[in-house]
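Protein sequence lines, in the order shown, are assigned to chains X and W. Following the working numbering, the numbering of the first sequence begins with 3 at its first residue and continues without gaps. Following the working numbering, the numbering of the second sequence begins with 3 at its first residue and continues without gaps.
Take the hints with a grain of salt, since some may be wrong.
To be verified - Now the stretches of chain X that chain W is said to cover, found in silico as 3 or more residues with beta-carbon under 8 angstroms:
#1 36-46
#2 83-89
To be verified - Partial list, computed: chain W residues near chain X (C-beta under 7 angstroms):
#3 Val7
#4 Ala9
#5 Thr13
#6 Gln37
#7 Thr39
#8 Leu75
#9 Gly77
#10 His79
#11 His313
#12 Glu327
#13 Thr329
#14 Tyr331
Simulated from the structure, these hints should not be mistaken for lab results. We put the beta carbon where it would ideally sit given N, CA and C, even for glycine.
Protein chains: 2
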Amino acid sequence: MTFAVLARDGTARQGRLTTPHGVVDTPAFMPVGTQGTVKSLTPADLREVGAQIVLANTYHLLLRPGHRLIRDLGGLHRFMAWDGPILTDSGGYQVWSLAALRALGEEGVRFRSHLDGGAEHLLTPELAVEVQHALGADVLHPLDECLPYPASREEAQASLERTVRWARRARAAHAQGAVPGQACFGIVQGGMYADLRRAAVEATCALGFDGYALGGFAVGEPRGLMVELVAATAEALPWAAPRYLMGVGRPTDLVDAVAGGVDLFDCVLPTRHARTGQVFTSRGPLVVKHAAFARDGGPLDEQCPCYACRHVSRAYLRHLFLARELTVYRLLTLHNLTYYLGLMAEIRAAIRVGAFEALRRAVHETHVSAIPETLTVLGGELPAPEEPS
Amino acid sequence: MTFAVLARDGTARQGRLTTPHGVVDTPAFMPVGTQGTVKSLTPADLREVGAQIVLANTYHLLLRPGHRLIRDLGGLHRFMAWDGPILTDSGGYQVWSLAALRALGEEGVRFRSHLDGGAEHLLTPELAVEVQHALGADVLHPLDECLPYPASREEAQASLERTVRWARRARAAHAQGAVPGQACFGIVQGGMYADLRRAAVEATCALGFDGYALGGFAVGEPRGLMVELVAATAEALPWAAPRYLMGVGRPTDLVDAVAGGVDLFDCVLPTRHARTGQVFTSRGPLVVKHAAFARDGGPLDEQCPCYACRHVSRAYLRHLFLARELTVYRLLTLHNLTYYLGLMAEIRAAIRVGAFEALRRAVHETHVSAIPETLTVLGGELPAPEEPS
């Protein structure tokens, strides 16, 4: 894997990540394909909306259908028929947010699955790497410990130290089992303490990784704190390596983090919001079931080139949504991802011509009414209880 | 609308229906788009699987979103973005199978909706036509009375007579309100009594319609009785008019009815079965969640040109199905419709070269293990309770 910064605008960077499965223009947004599919979409759909890379969840695929099965069938790319790059997370976040009966030890984390009737599993740094090798991920991550918010300084320090020790073991496991070209990113933890984040950067970079992920954000902290700490952490990272902010976020979060020097993002928001009828548009958010759209013959967004906006009206989408028709989840997912990936393309173009700050302000103005102070996004695309799938 | 029989093979016919929205090669299968969408698919998908015409349900669209709303937004073709032909049923079957508190009178049928908290509605022959005009259907149907099976001779006779009286009123309403090119088919009822079917044919043809629908089949009667009575009824109909067997059926039913001279079909089976993981293949039926497919890297059907068969394995589809991933419902729907529409293309080709009987036998051999004695298919594509949507 190689990464090159091609342009900069302030601390925002525009670059290119080259993987064994193709190129990713950064800043990039990765649609979340938790269980080996971006919910409701095919790989052809992903190409159509402009995705260059997708994320898959180690935890989910380990439990079902199992990484060995996927390996035996030729790896995750072939299994899900996506021939572009795949980034996998470490599974740590999902163990924390989804599994029951977690017991943390130096060896790893013992948990009961949210599936299979509560069978007990032990996820170690070595197993997490083995799973991601079996999947054939282009970019993998070491098992990390995830902190809730708020966490005390002592908890944050102990957690980051364990994450660094686990990263060392993951590094060794990766050195043994990786296929040429497979990259491994280090995860920087440290809670909401700026000095601990800097210490985490130092210790993680000392181990040496192909890129660096900023973990433990979007866990309920105030938005301003996240933006500030992301920028400070990114600044401390080596310029030449790609930086990935895990699980973030809203359009405003994306532009603010890009301003801080982040290159890669993933988030369930555009896809999950689609399934609950919440739509991103160039004029701000829109709730498709709103009565005002009952007789609205216009598209969701006149600026948008997606299939839904080219072919059907708000009134039709509202009808399908109220009727709980499967078609609507795909149409709104196509739309929301088209919006997100279009925004990333705008960001890249703006950085290249030195107009990024103006774009950032415009995104804030468009989405101002829609920014809650905090953002908490469950890692992995599990359907919420009220959802159709 | 025009119809031409282009070839025959025994009593099987190959023809062409020309509507204001395009041509339909017959025998044809119409995917069911109950609420203004074929569940999980877009119009682009429908074109990809080879659909030339779709069915929409008058009852469902009357209740939600309402036919006037659809008319005001430019009609159903524009609303659902399908520019091919649309055939609508009369609503009669759904009133019988879905609505509560039905009160039948000469005026029409009074019912409480299965939606909107049980509001009372009166569906008359005139309103059924008005709704279908508002939708802009290419082919519409008069309100008919639907009988359960079994029904006494007296019930069947009274029912067919009422259906004929309503057909006369529908004919008059259609003559007043139709747009040029809009066709209206008469519905032949008569229960499972051959002489009543013949009487219904005579009375309905005396009124004069653009085509004839065989209603009241696939309501629980033995399969052999249906096949026999469909053929006898079709034989009594005018050669030059298209014949449509409503709500039928399985692949074996299709070939048997084609042998009897039927030109048009609709059925929820391929789409509903897709959502419950039941797949049609050139080697017979297949249940996708079967444990035997857990590590099966092959396609559903090696003969099949659909997106799923070209890209993903049985193991992957099984995984998605067990994980209740939205993507799988679309993939299996694409597959099943590709199978059905491919079968219709084979049927047309076989009739043209005089090889239809051999094809009919082959379809029976392939699907022999999968033919239950009776078939009951609820009209309209409502999800079954255990289904994801």
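So which of those numbered hints doesn't the model satisfy?
-> 2, 3, 4, 5, 9, 10
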